[in-house]
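Take a look at the letters that make up each chain.
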Amino acid sequence: MVRLFLVMRVIRRYTLNDMLKDFLLLVLKGIRYRPMRSWLTVIGIVIGIMLVVIILALSSGVKNVINQQLQMFGSDLLIILPGKETSIVTGLLGGQKFTYNDIMDLEKLPGVKSVAPFDVGSMNADFKGEKKSVLVHSSRWDKMSALFLESRGTRMAEGVWPTDEGANEVVLGYLAGKSLFKNSARVGDEIIVQSKRFRVAGILQRTGEQTDDNSFYMSWDMFHMISGVNPGVVTAMLRMQPGENINLVTRQIRFQLEKQTEVTDFTILTPEKTTAIVGSIVQIVELVLVIIAFVSLVVGAVGIMNTMYTSVLERTKQIGIMKAVGASRDSIMSLFLIESGIIGLVGGVFGILLGLAVSYGISVAAMNFGAPSLFSFVSIDYFELVVILIITFITGVLSGLFPARAASRLEPAEALRYE
Amino acid sequence: MEKSEQERRDPVCGMNLTGLLETFEEKIDGEAFYFCSEPCAKRFKTDPKKFQGDPMIHLHDLWKVFHDGSVTTEVLRAINVHIWKGDFTVIIGASGSGKSTLLNMIGMLDRPSSGGLFFEGRDIAATSDDDRTILRSSKFGFVFQQYNLIPWLTAYDNVLLPRVFAEAKGDMSREHIEKHFSDIGLGERMNHRPTELSGGEQQRVAILRALANDPEVIIGDEPTGNLDSTTGNKILDMLIKLNKEEGRTLIIVTHDVDIAKNADQVIVIKDGKTIPSHARHTKIYAE
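Top to bottom, those sequences are chains C and L.
Here the first sequence is numbered in the working numbering, starting from 1 and rising by one per residue.
Here the second sequence is numbered in the working numbering, starting from 1 and rising by one per residue.
Because the hints were derived from the structure by calculation, they are not lab data.
Treat the hints loosely; a few may be bogus.
Said to hold, decoys possible - List of simulated lysine-lysine pairs, DSBU-like, C-alpha gap at most 30 Å:
1. C:K317 x L:K139
2. C:K29 x L:K270
3. C:K63 x C:K178
4. L:K85 x L:K139
5. L:K270 x C:K317
6. L:K273 x C:K317
7. C:K21 x L:K139
8. L:K234 x C:K317
9. L:K244 x L:K234
10. L:K139 x C:K29
11. C:K178 x C:K84
12. C:K21 x L:K270
13. L:K179 x L:K85
14. L:K270 x L:K139
15. C:K273 x C:K108
What the hints assert, rightly or not - Simulated coverage check for chain C against chain L, where a stretch passes if three residues somewhere in it have a Cβ under 8 Å from a Cβ of chain L:
16. 22-36
17. 322-332
18. 401-414
Glycine included, C-beta positions come from ideal geometry on N, C-alpha and C.
Given these sequences and hints, build the entire structure.
The structure is reproduced here in structure tokens:
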């Protein structure tokens, strides 16, 4: 620490134009003389930082997607899911489903305005010879149209909602219609889903939520006919009457659902509970992020330290020469610290760029498989990136500290004897 | 220091006269002075005032001991040397005699194990690293046998290097340096790396580098040792010119007896000790 202070004192002793510029040039020339070694060290940092950025970008994407959906639902919407509250994901993956009637019976409860049951599945779609795997949501047409209009204000961009539950008709999300296939679809076009011909009845306006915009919407009966899966409700959206007591309604729903035998454990998500669950997931994600970030930074730092120690050994004679021609301990230390700082910083810059590129790639790939878009450049926290850069620079400097100290303490004559 | 002890030292070369078989006495203005050899006595007579003041560099009973595990090597043993401002001093001795170590002490590249090391009257044996660096950077220029240029810098950048580290930044414009390069015939080779230069060219660049901070003392550790005799002589001429024409103090370590012929003072070192002066002067000058 004392040495660091002394180095700062040296840096202050001259103007930036003088010493720092000279030292910086000197260091850059040295780095350029050993490009392979320098780049390999940089790569060590790049990989660590890249991981951190990918996790940061994708986790902020996840947060955004969840928040968007929460906002869309509003405060009078309850979501009913199979599975225990503590393990919703396991419940969903477990394949448990409510029966259609059990869910629709909830509509009769006092305080409940409407219930929309949903089943979801991935299906193969073929439009003008181009095949894609798409996410298909199914419910009753009137339930879907009401949900889109009431909770999000989304209407049809083209066409109308079908009314016939038995007709071979499909509604496309905005992106599913416009950009999922090379040719954009129009009302009246034919799309083959799971080998059955469907007519495009309508294309929805953009909801802003990537999953929904990339999905197909199908009637309950048609979905279960062509998917071959057991009919059932994976999620139900329940809208309360305005001004109702949310706890009372929730208790009634719970009482009613406990009577059915298909799903033993279920969860009723209120907006508050959803926020809390999302919050705790985000916290875990962030904790994992911090641990990974820390580990990768430590690995990178060890890499820099190793390179700098080797570099001190390799350049012992040069250190002696520099000392002979007038370099002080502080100057030698500054040179090595600047070098390790630059390596850290360059690693940080490339790590961030690569991380962003990979996140973008993952997001695009995920979208092609029907998953929501987890990444957008708008959702990046640029402040976090600046913090990462500062951290990599400081990590670089700190990893160079011990090797730099070792270098600066060599007696010139001793260093000059080194071959 | 006891007066009696001081009287037993040669005022010119600083040698301890105690125990010498033969010393030379000169009486100047009624006062008796003792010398290790005739040449020292002669030099004293030419300018007694100069030699009664402080020498520029003064080594007093200086020891340098290296420890390697249980092995202890006494490389320098009770060295007493005076080096006077503007003199051309040659340190001569066989390989392993300790002459380079002695030069490292004088140039403050290494610290003595014990004894006094004075520069312009100031004891610098135990001063801080920073002080030694400042003194080394402002007063000394080094020329090494191996040239010791930084391999990843161009000749130009190598010459500029002492300036980068110097406390006071003097005029070192590009034009200024370019002129120096032209003067030594390397105007076209300025932007070459050391590996692209011949030995003689590298040594000329090293001399330019040694002059970068306008030092009072030029130190050469076998500067011609790696060069053929023609190139070596040219390098030597350059160095001697810096002494004779610009008045810079020049200290050269060599085992080439011919170089010693031009010197104002010759220090012969054997097994870590300066050889009794009578013998050394007569022997060297005889050759």
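Subject >> Hint numbers not upheld by this structure, sorted from lowest to highest >> reply: 2, 11, 12
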